[in-house]
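Participant: Residue numbers (my numbering), protein chains in the order written: chain W, 1 to 473; chain S, 1 to 473.
No lab work stands behind these hints, which were simulated from the structure alone. Take these hints with a grain of salt, some might be off.
One copy or two, it doesn't matter: identical chains are merged, so the pair holds either way.
Simulated crosslink set (BS3-like; lysine-lysine; CA at most 27 Å straight-line) [unchecked claim]:
1. K13 - K443
2. K164 - K207
3. K337 - K5
4. K211 - K337
Number of protein chains: 2
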Amino acid sequence: MTEQKPPLGDMPKEDFRRHGHEIVDWIADYFERMENLPVLSPNQPGDLVNQLPKSAPDAGEDFADVFSDVERLILPAVTHWNHPNFHGLFSTSTSAVGVFGEMLAAAFDQKAMLWRTSPASTELEPIVLDWLRQMMNLPAEFHGIIYDTASVSTLHAIAMAREKLNLRIREDGMSGRADLPLLRVYCSDQTHSSIDKAVILLGLGQKSLVKIPTNERFEMDAEKLSAAIRDDLSAGFLPFCAVATVGTTSTTSVDDIEKIADICKRNNIFLHVDAAYAGSAMIVPELQFHFKGAQFADSIVTNPHKWLFTPFDLSVLYVKDLDLLKKTFSLVAEYLKVAETVTNQMDYGVQLGRRFRSLKLWFVLRYFGREGLIARIREHVRLANLFKSWVEESENFELLAPVPFALVCFRAAPPNIEDLDAFNENLMNEINQSGEAYLSHTKLNGKFALRLSVGSIRARERHLRKVWDLLNE
Amino acid sequence: MTEQKPPLGDMPKEDFRRHGHEIVDWIADYFERMENLPVLSPNQPGDLVNQLPKSAPDAGEDFADVFSDVERLILPAVTHWNHPNFHGLFSTSTSAVGVFGEMLAAAFDQKAMLWRTSPASTELEPIVLDWLRQMMNLPAEFHGIIYDTASVSTLHAIAMAREKLNLRIREDGMSGRADLPLLRVYCSDQTHSSIDKAVILLGLGQKSLVKIPTNERFEMDAEKLSAAIRDDLSAGFLPFCAVATVGTTSTTSVDDIEKIADICKRNNIFLHVDAAYAGSAMIVPELQFHFKGAQFADSIVTNPHKWLFTPFDLSVLYVKDLDLLKKTFSLVAEYLKVAETVTNQMDYGVQLGRRFRSLKLWFVLRYFGREGLIARIREHVRLANLFKSWVEESENFELLAPVPFALVCFRAAPPNIEDLDAFNENLMNEINQSGEAYLSHTKLNGKFALRLSVGSIRARERHLRKVWDLLNE
């Protein structure tokens, strides 16, 4: 059936309704059959490109034809992040209500720059983020703001720290100035690469980033941080920012925020805490001890799109000094001047417009409730520790890092294997190519380590059992 | 009816299907009844906040209750960007198929960092952007990459320009270096504030940004650009980047790219073209003359979420030197190392993960086709010029800027009114408060100017007639 498409305007209402229902049903089926699809796309590089026309069509196509290509061309090219056996990188997944939030946000198509261009987004966001703050047991002096990714949240945090120096960098910049010393930022050798990207972008240079060694548990050595700052001060450098991590990307190790905060305070250094992954675990009472000292941070980033069942993207930056954030970025062009004394979200970042991202998080917090979310994260931690116990009890495997949250770093170490690195890399590749599960890797003390992350809302004990069986085959 | 919610896992399939259908129907109705809703939210600041609980619920709620609050609380707080009488800022709107794209993208929940984590997004994106490039009549040497907003696209362009200097800024930064002169970026006094934010963030400082005066048509004066560069070179500064705009935010004025490119070439300056708004008009053959010289640019930004019926956010940066972009940002942590020699999207920007944004643009280009999109943009330009003719023919109004695209800058200037600024501001506020239409303003040569933008996929001649009647009442 060829659809009647008007020469102007949008898709007719009845077509929207019909196709919309088809898509909802398709997604419902997708969520159900996902477990039988290969986790990693079996495509080879170029497979999708080679099936696509080289130019856009001149005349419009029936949407039915477009949609059938989603099943035919797109689905085989998708790596199923929601799959219960996606254990690579960090296992993240959306919930159904998260999808509902994105549907409505797309329909409203808000660009929340000024309050008046979206009172809904401007006012829902701080409320929902305050709900989350309470769940995370953070003090009320933290104010949240949503960005797209943790990379961008952290970029804003370090920009704030730079602005706090009061060295007229916003106005005069850093080049061609004899009065500025080398500025220094501190993190550990386990810190996420987004810190490197932020210092590059900010013009501080990779040289400004000091990577403090970690202990045997991959936690920043606070003594060495102290020493590095002392040395830098003696050398005439200017320490101004430190990044502590709760839940590093490689092993989910936990820096001692309390100790680091104390050092920062003594040296007047801005402290940013990267809890992009593990921040969601702060809602679980028995896990809150990992975040001891978080109240002393100047800013904290957490990503509900990682472990709070919210579709990508939604990263939250909590800051104590909202005025400093505004001072770092606010610029109001004439065509954006308004008489109201209201919050205008454009004043708090490099992006002028913002999507209505709080809607999906509001849905998630309300549909599952605080208890429902705690139960799900608690279960993931239980499953990871169960897997850890299997590793520890086996003669053919060994644990390579502590398991504070829901990531297990381990390797196969059967007797009589000489090159364990090659053996484990092959093991990982075989499992990944089988489509049954997706594991990723890291290097720990020079050893090739397998990483198993538990985070899908669909993950059950049988999925962990399946991976364990695959590893033992 | 209280829903049975499992203690773990996601919403049951039948609930997803039922609520999903309800949401689709609600959106279908919303698109239809939108015209009868006030364009600007009638809410007062705090109205939404005051209706929301101060904490998240402990126990999960029925989704039916959550969804009913969308109609009750959220809808009145929404400013309807899709409304055919949204003429403020830039009138932008989503299409139905754009919403479909976001539904599926949310369900797939791709984080396209590595090729293997989303072959679908990694491979569809360059294809769809090449389709758009051809439609825009840009040479094949331009490669597209999607970011969230034009602010971020432009930030990346200027970062590339800085990297191209080969001054080890990525490695050594800019502070504490006696060898670096003041770096200089050029734009016009009509350029978007995102350029200011970019130079602030990059550590170049607002002082590095030279705003070249514009002529009576609000176009950058190329002679003055030449002179400014010459003066800066004499002063020992280092000119390295210029931003030309096609379709400025205030008036949609058009800088002469060809002339500016020639100056940049002679001075070895990176040329970025900001066509965030007007880039979509490049697909219309009779409008392409505005972009003469675009082929000489190093980078061009255009936002399909502005005028190509694609939901926010989707900004495209076209660059000639993709390797330079990679060199500016690429950093590969151990846990992200892969054996394949493939494109990994994380290498091309500050954001590590990327949403599957190309899907919605693919839907838009296929459903409407090249001809359907041209017809819609052409109609908007026709409507804006029709409105312009009414202004010109009226004794009570005057035109304040040329109309190259679909924005009219004008004011009421009836006889016997002393304070025209106050008169026009009141006129605008009255119309905006009526809910019938939304106009915004700017200042042109010291005069308070009304801005009427035509861009909604729903805009028809009767909507423009309505605004004209309101203005004349």
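Participant: Checking against the hints above, which ones are violated?
Facilitator: The structure conflicts with hints 1 and 3, although it agrees with all the remaining ones.
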